[in-house]
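Peer 1: Chain by chain, the residues:
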Amino acid sequence: MTMVTESPVRESVLSLTGVNKRFGAVQVLTDIHLEVGAGEVVALVGDNGAGKSTLVKIMSGVYQPDGGDIRFDGRSVSVPGPAQAQAMGIATVFQDLALCDNLDVVANLFLGREKLVGGVALDEVAMENEAWRLLRSLSAKIPSVRLPIASLSGGQRQTVAIARALVGDPKVVMLDEPTAALGVAQTAEVLNLVERLKEQGRGVVLISHNMADVQAVADRVVVLRLGRNAAEFKVAEASTEALVAAITGASDNVVAARAARHEGEKNDG
Amino acid sequence: MTMVTESPVRESVLSLTGVNKRFGAVQVLTDIHLEVGAGEVVALVGDNGAGKSTLVKIMSGVYQPDGGDIRFDGRSVSVPGPAQAQAMGIATVFQDLALCDNLDVVANLFLGREKLVGGVALDEVAMENEAWRLLRSLSAKIPSVRLPIASLSGGQRQTVAIARALVGDPKVVMLDEPTAALGVAQTAEVLNLVERLKEQGRGVVLISHNMADVQAVADRVVVLRLGRNAAEFKVAEASTEALVAAITGASDNVVAARAARHEGEKNDG
Amino acid sequence: SANDAQKGSSGKTIALLLPESKTTRYEAFDKPLFEKKVAELCSDCKVDYYNADQDESKQAQQVDTAVSKGADVIVLDPVNGAGAGGMVESAQKSGAKVVAYDRFIGKADYYLSFDNASVGKLQGEALAKAMGDKGGILMLNGAPSDPNAAQFKKGAHEALDGSGVKILAEYDNPDWSPDNAQKWTSDQLAKFDTSKIKGVYAANDGQAGGVVAALTGAGMKPDALPPITGQDAELAAIQRIVAGQQAMTIYKPIKIEAEKAAELAVSLAKGEKPSDTEDFEGVASYIFDPVVVQKDNVKDTVVKDGFYSVSDICTAQYADACSAAGLK
Amino acid sequence: MADVQDATPGVPADLLDERLIQNEGLAGYAKVFWNRLRGGELGSLPVVVGLIAICVVFYAQDPRFLSSYTLVSMTQFAAPVGIISLGIVLVLLLGEIDLSVGSVSGFSAACMAVFVVDHGHSMFLGMLVGVAVGATIGLVYSLLYLKLGVPSFVFSLAGLLAFQGGLLYVLGDHGTINLPSDSGLVQFAKFGFVPDLLAYVIVAALVLASLGLQLVGRARRAKAGLSTGSLGLLLVRSALLAVGLLWLTSYLNVDRGWSYLWVLFAALVVVLDLLLRKTRWGRHLFAVGGNEEAARRSGIRVGRIYLTVFVGCSTLAAFGGLMSAGLLTSVSQSSGTTDTNLTAIAAAVIGGTSLFGGRGSAYAAMLGIIVLQAIQTGLNIVNVDSSVRFIVTGGVLLLAVAIDSVSRRARTSSGRG
Amino acid sequence: MADVQDATPGVPADLLDERLIQNEGLAGYAKVFWNRLRGGELGSLPVVVGLIAICVVFYAQDPRFLSSYTLVSMTQFAAPVGIISLGIVLVLLLGEIDLSVGSVSGFSAACMAVFVVDHGHSMFLGMLVGVAVGATIGLVYSLLYLKLGVPSFVFSLAGLLAFQGGLLYVLGDHGTINLPSDSGLVQFAKFGFVPDLLAYVIVAALVLASLGLQLVGRARRAKAGLSTGSLGLLLVRSALLAVGLLWLTSYLNVDRGWSYLWVLFAALVVVLDLLLRKTRWGRHLFAVGGNEEAARRSGIRVGRIYLTVFVGCSTLAAFGGLMSAGLLTSVSQSSGTTDTNLTAIAAAVIGGTSLFGGRGSAYAAMLGIIVLQAIQTGLNIVNVDSSVRFIVTGGVLLLAVAIDSVSRRARTSSGRG
Ligand SMILES: Nc1ncnc2c1ncn2[C@@H]1O[C@H](COP(=O)(O)OP(=O)(O)OP(=O)(O)O)[C@@H](O)[C@H]1O
Ligand SMILES: Nc1ncnc2c1ncn2[C@@H]1O[C@H](COP(=O)(O)OP(=O)(O)OP(=O)(O)O)[C@@H](O)[C@H]1O
Ligand SMILES: [Mg+2]
Ligand SMILES: [Mg+2]
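Residue numbers (our numbering), protein chains in the order written: chain Y, 1 to 269; chain H, 270 to 538; chain A, 539 to 866; chain S, 867 to 1283; chain U, 1284 to 1700.
Only true hints are included.
Straight-line Cα separation of at most 25 Å, DSS-like style, residue types lysine-lysine; simulated pairs:
hint	chain 1	residue 1	chain 2	residue 2
1	Y	Lys-115	S	Lys-1144
2	A	Lys-759	A	Lys-833
3	Y	Lys-171	Y	Lys-234
4	A	Lys-569	A	Lys-842
5	A	Lys-759	A	Lys-667
6	U	Lys-1506	U	Lys-1561
7	A	Lys-569	A	Lys-811
8	H	Lys-440	H	Lys-384
9	U	Lys-1506	H	Lys-384
10	Y	Lys-115	S	Lys-1089
11	A	Lys-837	A	Lys-667
12	H	Lys-384	U	Lys-1561
Hints in this document: simulated from the structure, not taken from any laboratory.
Take these sequences, add in the hints, and give me the full structure.
Peer 2: This is the structure we're talking about:
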């Protein structure tokens, strides 16, 4: 297990130190630190329930930490709510998507950032046009942008949630398992998107359980285990096995066992 | 693209022919056929919005098809509701999980199949014990089974939904993207589980966007595209490229483009 | 078409508008008596009946509807007499004559009634008398949201405040509800020993029933209750009076009032101008006297008028009391 | 790959997906309509059918039910509660409830009456006071909701009681206060009817404005390469609207014509509808009602939405109370207490507003109040005993909504993902 | 890998996760309690605090507020509406509403009264008829809901009106019907009090039964290798319960003692609570209320749950109406119409039942009705003007619930996944 202890090379846009969070009788996060640089893709990985989403929600103002320090653009800040996080330039794709089922695709895409015509009325035409552009850029297969979200498939919804993060001009984009429900083509588009975001100099936090995807686009990998910082890797130095071992906390894990068994079967067959 | 036209070798438990479904102005499924044999794992793949989940919901009685024939155990049946589907022996893990947020993990696991003590009272002790056993067998990282579902992480919920399908003795298990939110260890456990189900002679329908997983456990791969049967492969004969091409409907797709680019970069670097 | 139907009604139309349906008198007595008398006096007169369910704006609309149906005379028992001026004006504009029935309206053409304030006064006087003009009472008034209740209350206070009776506690009962009356009275018994309560003023019979239930519930013997007042001459109240559980109720000989109203309405519809009226606050009026019903005059009032038959009153439960009171 | 789809020439950008079932021209629209009918997606049409059924039945009983006179007074009396019901639509859209609108309407009207009649201020000032009272109450409500987290059911129940007490307190020994019948409010609410000619002019302006806006919208969509829908259908619809409204106007003009009160209500409905559908505020309101947490995470200032809605509801309630006082020419202890709450809430629900938030429209209040008013007027005209009247009201109400429910039946078994 | 965790010896299977903050012994429980207090997860405790505040204030005004006599009559009068409120809890748990419980209670009582007094049948038969009327109404409601899909707000509104009419119709010219005061119903509801000794026996039996059940449960858990919680705490809690109940009993015995009516209500609460928490039906009810679609997909026969709940609610309403009639010894046109609906619904909500389904308990009805009754009795004893009375009722109600709301505040900003 390689621990990278020196701080990242680039100047960090967002950094957390000593963050704690507890829910009822469960201590969900203990003394977490995390840094994201401009133009850097940080992958946040960990087992189910490790506390990744909770951490993302703290950074986007949904939860308030019980303790710890958040710095944005070098200044110490508090993030009292999602509106403030957005105003600062933090865009988030939540794991549960946070879409309004009763509104249609266009309305969801521009929620809180509606385009206006004449200063008051919603500019439905401009928004619909832009919606088609955004969705096509993600290879979305949505029959009509006037369907309510409730009647979309799981992957279609996720695409809408991701497209939302592209409206506006965020400094940091946080993607919580953005490709979980996506098809192969859409996943590839999202990985392309992450690379584009990075090129544009934005900081990206990517949560994923797919090690191949993580290794393909991340610069650095931060591993959480049971609510604590478990390890940190430079992506170039991290093998899949090492990552899995860090996540599960043991090198003789079920993944390794499966791999070994299949290897054996293949050799047999 | 290889089309397998001869029917599967084994006797089929569940088979669909000519199934159609439409929602409002969208024709979601057109003339679908599908067969699942006992002890067979059929992977159902396709792009987002291809109609996979809709098909699963038709087979589990959630939706009624507009037309077509469903045969179970050789007899032509109608599936008027989920209760009937379960009584027949069809267990389903839905993509949206279909859990009750206000109930705790134990209650959700045994919902509709509660254990009783003395004929009337719920046997909480037996259910809690069994719950721990089921969850541990899936490597779930859930701090307490008395937490309401609302306070679980995405992956924890999905594990609960999967564990539910193991309560009872189904003939066919349908898993709609069961590993989407799971960690690496849990995913491996679910793949192990699928293999166990297959060994027990149950039919399994597995929906997944992860071609590696599909290739690891499936016997046959059925591809849907825009609501129609697009292709069918024996898994031994299907390469990842061929599958992706069948899903996206073109061999010059974004996945291939990405792969090629990365190949290029690697060769450069 | 619809508009032709509106114009084309021949004969005379009399509209009868009553205020509510939760006390028995209106639909059980006023309406049938009125309709019967009209039918007797005038064969091609038609009576349109409305009930406002205690809702002023509903009644305003009903006045409008009555006008739309071409009413020649509107007999209006207002939900709120003081606020009914607007309705009267719109009706009068259409050429209809308005008779204020049972409750006073300042702008009406005619007025027929038992005066509300005098009802309260009668109750108060009877109570004071029954108590020998001394001792403490509980006082339960009608709903604070019912303008008529305020008039009863005022009348009762006039009678009681000057007497030797002392009001221990007073309550405006939302909705006139018997349940509330029972609860309130029970709660007062926490403060005042039953022996201190020498009488109860209840504005109507429903509340009187609640009071009786509360007092007997607290252990008082049903035949040793203090005097309790009432109003409306409900059957249940007459039964209680016969059984000695309630001292009195106010009986308004509705028959007289309703039939007089019918006569007046018919003559107005025929264009006549009655002359036997007296003046009440500037309105040509017929004022009737309400009757205090007590155990000794049940026979001579409600029974005699055919308001109730003896068999109505003397059910199995009250058979003994009836024979004791000489009713059979 | 995005361009693969764009390749089909001439097809608007939003109609490219091959799974979309295309329909063109009037025949196509008839087919769409038929499918929506079968699929139970007809919006308020079924309730309208229920209304028509009610009208037919009462008309058969007594043709005067549909006379000009009846229609005029029906609309006039429907307006005040309709205005209150508009506020209820707002709170229901958020999934909240306000049980106190009746009390608030009575209390505000009483404040106005005391201010004008007892203190001799002008009617205009009095009305300002009444409306301000309503707005203040809404402000307090939203503070209770936002700062203390008291559920709306509870604080509005408390308000229901407290402002009934307030009404009694303000009226004091007066009991009833009669408004001067030459005051502007009474003249407007009770005696104000739109002159015949003006009514036609208004209708024409309305129809032209609606047509114009739709044509402009069409042109913008066409320019942006989006589908536009059939021009024929648009024109036919506008023509039907024009003919319908003009005929209705001429029919009402046989009697007194449109009452100003109703026109005011209708104008409020149109304005609120535009606010709800066409502005950011309305969009955010629907979002908060549909999924408050999602709305919050989208950066919407959820608190402000609640504030505007509670203030809006109480203000509309106060305003409705003033109009009701004007129509009755008096304020009394019973103002706003009887059934006003239930009628206002029922109207919104019958018109199709969900109690769970996120679904409904301003027109729901209008439709619902017309249904309720029609039942009441019909029973007034038909003349029955109270017991029967209650039973029939319940039955007819059920009927009107059952038609809607049955037609929605197809939609129930839904599910996602 | 599952065995990695199981390896820790001696730790119960459900306490293995290292993120769980462990607390042992009484001190540990105090800490847990404090944390829950701060985290706003206290269930009904805050409302109880509100109730205590109410009691203190009224006691300061007039000590007789807490006299044995007052407490006895307070509990007695609270019971009938409490029973109705229990039914409301059921429908609210499903996220539905029943606005007609008041009318149904009055209508059923009237049917009973007419059957007994006018037709001379026995009281027992009369009560059967009354309850059957309620059950039938519930059956009709559930058919309307399940077969036609009419929303519960609408059909119960229709029922509210229709059965008010029905009440008037059944009573006819009678107006009020007096029940024979020697009838079993009146004797039970109005004059029935538990003899002193029996009361102590019941309390002892109750406490022992509860303790025994808990000990058996503990033993079973221990045997299955699950955590058991502190035995000390269990004993302390039972002891507190015993002392509290015994003291209350002795205090009430100074006056007439527990009324049978209240004991019946309490028994219904306990039974319903057990049904809700310990049986399949209750589990399914919560599931349907929390997420109907998920419940359906789990194979639950959702329709049956709705059926039992609507029938249960109307039956309880009818039963409450009968008890109310027995207590008042009469049935009149105003039976069940006055505020009964609002009080019953408010009691359930104040006690902590959510209007949106899936959260609540049978004890909510009990707690809520006690709060409401305490306010009313307090005001009756303190004796104020009716305007002040309304205002104070609203204010106190708000206060009782605001304490709860503020303590829940911490929980609001939630979110998943
Ligand atoms: N209730 C509904 N109403 C209208 N359209 C629907 C409804 N349910 C599904 N659809 C449409 O049907 C299509 C297929 O949806 P489905 O959920 O079956 O896709 P899927 O293959 O499971 O996709 P994914 O991989 O994203 O889960 C989508 O275009 C969706 O918009
Ligand atoms: N609102 C809450 N109340 C109580 N516990 C919570 C709450 N939210 C999260 N938790 C707990 O916190 C832990 C971490 O949850 P989190 O959602 O952050 O996990 P995660 O790393 O995102 O997992 P996954 O990969 O499954 O999405 C879980 O054990 C969960 O049960
Ligand atoms: Mg997560
Ligand atoms: Mg799917």
